[in-house]
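Participant: Generate coordinates for the entire structure from the input sequences, incorporating the hints supplied.
Quick note: the sequence shown uses the working numbering, first residue 32, plus one each step.
One or more of the hints may lead you astray.
Claimed, not checked - Okay, the calculated beta carbon distance ranges per label pair:
(1) ALA113 <-> MET32: 37 to 47 Å
(2) ARG104 <-> PHE83: 17 to 27 Å
(3) ALA121 <-> ASN41: 41 to 51 Å
Quick caveat, the hints were computed from the structure, so don't treat them as lab data. As the structure is a prediction and not an experimental result, all values here were calculated from the model. Ideal Cβ placement from N, Cα and C applies to all residues, glycine included.
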Amino acid sequence: MPKLVRLYINSVAIGFAVAALFAAALVGFDVGGLGHLVQGESGLLALFLLWFFNGIVFSGAQFAFAIMSMAERPEPPRRGRAIRITGERARIRVAAKAPTTRRR
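Facilitator: If you want it as structure tokens, here you go:
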């Protein structure tokens, strides 16, 4: 199995596990009346949809984090010394014409 596919499957598994914890916390603490909603007639459907759609979001976020953390570390300069960055502003000469004033 290619490494990218394995990484994606792991990210999906982690995302849906986090979504299960998140949905359990939302229902357990009865945030926005979700605990009462789950106790109703179509409670299992509501719980499934809450878990499923949060799982999609958390899986995407986990996969994006995993991909972006694979970036190569920046290399230091190969030769010479690094330029020191200071807070001084560069002095630049600018020629300007004097404004002409007209009297009425």
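Participant: It remains to establish, for every hint, whether it holds in the given structure.
Facilitator: Hints, one by one, checked against the model:
1. ALA113 <-> MET32: 37 to 47 Å: Holds: the Cβ-Cβ distance is about 43 Å, inside 37 to 47 Å.
2. ARG104 <-> PHE83: 17 to 27 Å: 37 Å, violated
3. ALA121 <-> ASN41: 41 to 51 Å: The hint (41 to 51 Å, Cβ to Cβ) holds, given that ALA121 and ASN41 are roughly 50 Å apart.
When each numbered hint is compared with the structure, a violation occurs for hint 2 only.
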